[in-house]
Amino acid sequence: MVIEEAVNGKDDMLIDGQMADQVLPSGFNLNFLNLYYAKLFPYGDIFKWMSYGNDGKHPACDKSYFGRRELSFTLENDIYLRFLSFNSVSELEKGIREKCPFKIDIGPVYSVDPSKRHAYAQSGENVFKPVERELIFDIDITDYDDVRYCCSGADVCLDCWPLMTAAIKVINTALRDDFGFRHILWVYSGRRGVHCWVCDGKARRLTNEQRAAIADYFRVYKGSENSKKKVSLTGHALHPFLVRSYTEVLKDLFEQTLLSSQQIFSTEDRCEKVLEMIPDESVAAELRGRWQKRSSGSKDDINAVRWEHLKHTLQSGRHKGQGLRRCVEEIVFSFSYPRLDMEVSKHMNHLLKAPFCVHPKTGRVCVPIDPVHCHEFDPTTVPTLSQLLQELNSGGMGQEGDNDWDRTSLGESVRFFRSSFLEPLLKACKEEMESAYNSKLQQSKNSLSW
Amino acid sequence: MEIVRRPQLKSTAIDRGVPTLPLYRSAPSLEVRLEDFELYAIDRLRVLTGISDGLSRGKRPEEMEKLVAELWKANMRHPQASEVMNKDIISHFVLRLVYCRTYGLCALSLDYCCFHFLAYRVRILAHREDLRKWFLSMETALFRYRFRLQTAEAQRAVLAEFQLPYKAVTTSEFEVIKDKLTLVARSINQTLPTADAIFYKVPFQEVPELVAGRRVFLSDGYAYVAMNQVVSLVATQFRSLLSKALTLTNRKWMSTIREQEKDRLTPIVEALSTSYVGPDYSVGREFGEVSLKDIDNVAKSSFPLCMRHLFDKLREDHHLKHWGRMQLGLFLKVLLNSIGLFMEFIWNISKLPHPLTLAFTCYLSNPLMQQPMELGVGLKLDDALAFWKAEFSQKVGAERFDKEYAYSIRHNYGKEGKRVDYTPYSCQKIISLTPSVGDHHGCPYRHFSEENLRAALCKMGVNSGGVEDVMDKVRHKHYQLACTLTFEAIHGCPNDAGINHPNQYFSDSQKILKSKVKCLRISFLVTSVIDLEFPPISTVHSLHP
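If you're matching them up, the sequences are chains A and B in order.
For the first sequence, counting from 1, position 404 maps to 404 in UniProt numbering; every step adds exactly one.
For the second sequence, counting from 1, position 141 maps to 141 in UniProt numbering; every step adds exactly one.
Hints were generated in silico from the structure; no laboratory data involved.
Watch out, some of these pointers could steer you wrong.
Unchecked claim - With a straight-line Cα cutoff of 25 Å, these simulated SDA-like cross-link-like pairs (lysine to any residue) come out:
(1) B:Lys201 to A:Asp177
(2) A:Lys129 to B:Lys133
(3) A:Lys63 to A:Lys430
(4) A:Lys129 to B:Leu248
(5) A:Lys222 to B:Asn189
(6) B:Lys178 to A:Asn349
(7) A:Lys251 to A:Pro162
(8) B:Lys133 to A:Asn349
(9) B:Lys178 to A:Arg325
(10) A:Lys311 to A:Val283
(11) B:Lys201 to A:Ala436
(12) A:Lys230 to B:His476
(13) A:Lys230 to B:Asp469
(14) B:Lys244 to A:Val112
(15) A:Lys251 to B:Ala185
(16) B:Lys180 to A:Ala212
(17) A:Lys169 to A:Leu158
(18) B:Lys244 to A:Val131
(19) A:Lys99 to A:Ser72
(20) B:Lys473 to A:Glu343
(21) B:Lys473 to A:Tyr221
Just so it is clear, the structure is predicted and the values come from calculations on it, not from any experiment.
From just these sequences and the hints, can you work out the full model?
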């Protein structure tokens, strides 16, 4: 396992006397997690983020805001605690360190403190309901299992990870350019996917209907066991969003990377899978026939060659048919376009794992991903729990008041979180709060004046 | 709006040059005759019901547009051209009164000390909550399609009325994004934007449907909406305005109007909220005779699932709770085509011996007994009751008969209580009823679990392919379409009209079957009764275990 390699390969590192005699078990266990929560988990940053500026001194600050946020803990033995809330950063830290949850989920901000929800009616005026929630997305590589051949299930490798990279690029660009969002956080889910948190005020106040609309805007793949063709791009042209995604990201991903890393045309079965996506059987038959007589001795990559055949046949204009117009793009989209979990995005009350949690199965920390440099992100080198604790031990004594995470690989992630996400976000929140407050003051002045 | 009894009308709406499509933002100052108050509302209700029907059949937008134009023309005209607008506005506001009411009534119902009544009231209120949503949805749909039918000029006027802060895209802005707009239009097979095309720049949150379908170009949080897409915008606005208005109307109704108008408008409003506006099933027409022996057979062959279920449960338990009795009883009332048989049904569930003798005595006294009977022709209720009472007072005592049974028989014929002749429930009403533990009423397509529904469908004789089609409709909440498909599967032929009413299901079914099987006539049973020479009750009872 990766953890053991990391441990064994670092024999030459200075190891604190206590640890020297132990062979560290696979990277995740309760003791390690306890240490992680004691030394490394960035409570202050999470608190500042979730407060959205309400922890300040401005008169417009809502002191109840953080306390109305729902959190949930999954403990050892799958015990699940919901509707938890905390009123301050110290309460948050205390709660997490006491319970040592295997997983922390973040829910919406409710109209009232979720732990007191039973005191409120279910209808009428004083209702318990979500009032704010980030716009969130969850992309999991297992949703691509029907188009990736290198791994399946929980595994992920550098051959299929580019699918996640592409998803980040496509969605991130759309969120910024099409929807006008500015404060977007991408996080590694710890094992096989990515999460996205859109934190603009505009996003947090979206209704369920609006969230569903955004999710549908992003939806292209309509998978079901019964249809062979899961991507259907009708119309005489593609929507500008799809055009941009295709020309800027997906075409290259497919042609430069996936064709060979997934060996898409290397076997008869795999070829058939693509041929099934061509609605015109005569075209499919023509290609099938051509590929059966494989010319041996060709040095070129068979995948690239066959793809050229296919493109040429479909785009030559020889075959005219309704379904063929966009067939090439449909095939590319089938293999590479982002597949979102729609349910996660549609409802305000959906919970999502918090950043900086540790994944119980891999021991990896859920670190932020820089969307601008997402092609450089390598899931196999994400810091693990045991690695971090080793680093902590070997890093020597730091100054009093230093952040412990700064002495570890986690430091890079926390610094990135602050500089590229948290600071701009809090600045914007402050501005928003002040301008809303000022305009309210102005309004009441106007209404009072005779 | 002032409601008066005087016949004259003063109108000002047309004079003010408002758009032909009113937004119903405030009640106008018009005088309305009391008769028109109710009639206008019923006409509009027909339009809304027609729309509801069209939507539940999955009609496409172009078809709905046509349907709305037809419905409006058929129901909302007025001999005086100047009155057309008034009728539109008045009917809308009357229906607002009818459909605005919700749980607010519950507190006032506590003057009914009987718990049974309270439960009854609460069920009515739950029904009303659904009705309010229904009204909101249908009025929005009506508005949407009427808007589509307006001229571009009229549409612009409506947009201005709504005071939507959406800006028309400037020429220079248009030049920059023209290519993208063209791409979008081509991607959804719409006409390409010309140089003078008007687009509106709207925050994307305002047009979720257009965003979801990728039918607009988005840039920096704004959607660029074509004129023909503005409908979506406008419909959303209308819906939210109406929703808020309904809440306000409800408050006003509860606090002042209801009490003030208790002798004048309130009874009309209350009656309208339970009325069914569709084909009239209150009178049995050409249903042919159904005899007692036939009932079990016709239940199997021609009852819709909801009634079949209730009927089976009745046979099994010899009992049905209140709503089940209402739903099945009113359905059967029309079917059985005779007072005697209906009374027989009630006796059945009261667990008393089966009054076959009395039923056929009623028939025998009918001079037209050889002909198919219409409800209302034949033995008068009072005479039958008298005969009945005489026959059974030996067993239960005259007093008890009067107290316990006469009342309920008379009640269902509208002779007691509210003095309203209960018309059999339509599908719409049945779907809105929610059964709880021990109940068997409501629409099975809505309330049965998937497993149970599949089993029930198989029992009815639907093949596995048919069952899948039905289940698909159920998943999409198209309960009436599911019932229609069931009908088609069992009878082996299409039902283009679609099922809206259980009695319609029955009559359609019988029509098909009668053309295949010779019908059993009453005379057969009459003969057997005469042969049996009024046997003692115990023997008769054994014929119907």
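Within a Cα-Cα threshold of 25 Å, do Lys244 of chain B and Val112 of chain A meet the stated pairing? holds, 24 Å
Lys129 of chain A and Leu248 of chain B: Cα distance at most 25 Å? Since the Cα atoms of Lys129 of chain A and Leu248 of chain B sit roughly 22 Å apart, the hinted pair holds (cutoff 25 Å).
Straight-line alpha-carbon gap Lys99 of chain A to Ser72 of chain A, limit 25 Å: holds, 11 Å
Would the pair Lys251 of chain A and Ala185 of chain B pass a check requiring their Cα atoms to be no farther apart than 25 Å? OK: Lys251 of chain A and Ala185 of chain B at ~23 Å, within 25 Å.
Straight-line alpha-carbon gap Lys251 of chain A to Pro162 of chain A, limit 25 Å: At roughly 13 Å apart (the allowed maximum being 25 Å), Pro162 of chain A and Lys251 of chain A satisfy the hint.
Checking one constraint from the list: CA of Lys133 of chain B to CA of Asn349 of chain A, max 25 Å. Satisfied? Satisfied, since the Cα-Cα distance of roughly 23 Å is no more than 25 Å.
Hinted pair, alpha-carbon criterion (25 Å max): Lys180 of chain B, Ala212 of chain A. Please report holds or violated. holds, 24 Å
Could you grab the alpha-carbon distance between Lys473 of chain B and Glu343 of chain A and see if it respects the 25 Å cut-off? holds, 22 Å
Are Lys178 of chain B and Asn349 of chain A close enough, with their CA atoms no more than 25 Å apart? Roughly 39 Å separates the two Cα atoms, so the pair is violated.
So if I understand the rule, the pair passes when the alpha-carbon distance is 25 Å or less; does Lys129 of chain A with Lys133 of chain B pass? holds, 20 Å
Hey, Lys222 of chain A versus Asn189 of chain B, does the alpha-carbon distance stay inside 25 Å? This hinted pair holds, its Cα atoms lying about 21 Å apart.
Decide if the proposed pair is consistent with the structure: Lys244 of chain B and Val131 of chain A, CA atoms, cutoff 25 Å inclusive. Judged against 25 Å, a Cα distance of about 19 Å means the pair holds.
When held up to the earlier numbered hints, the structure conflicts with hint 6 and nothing else.
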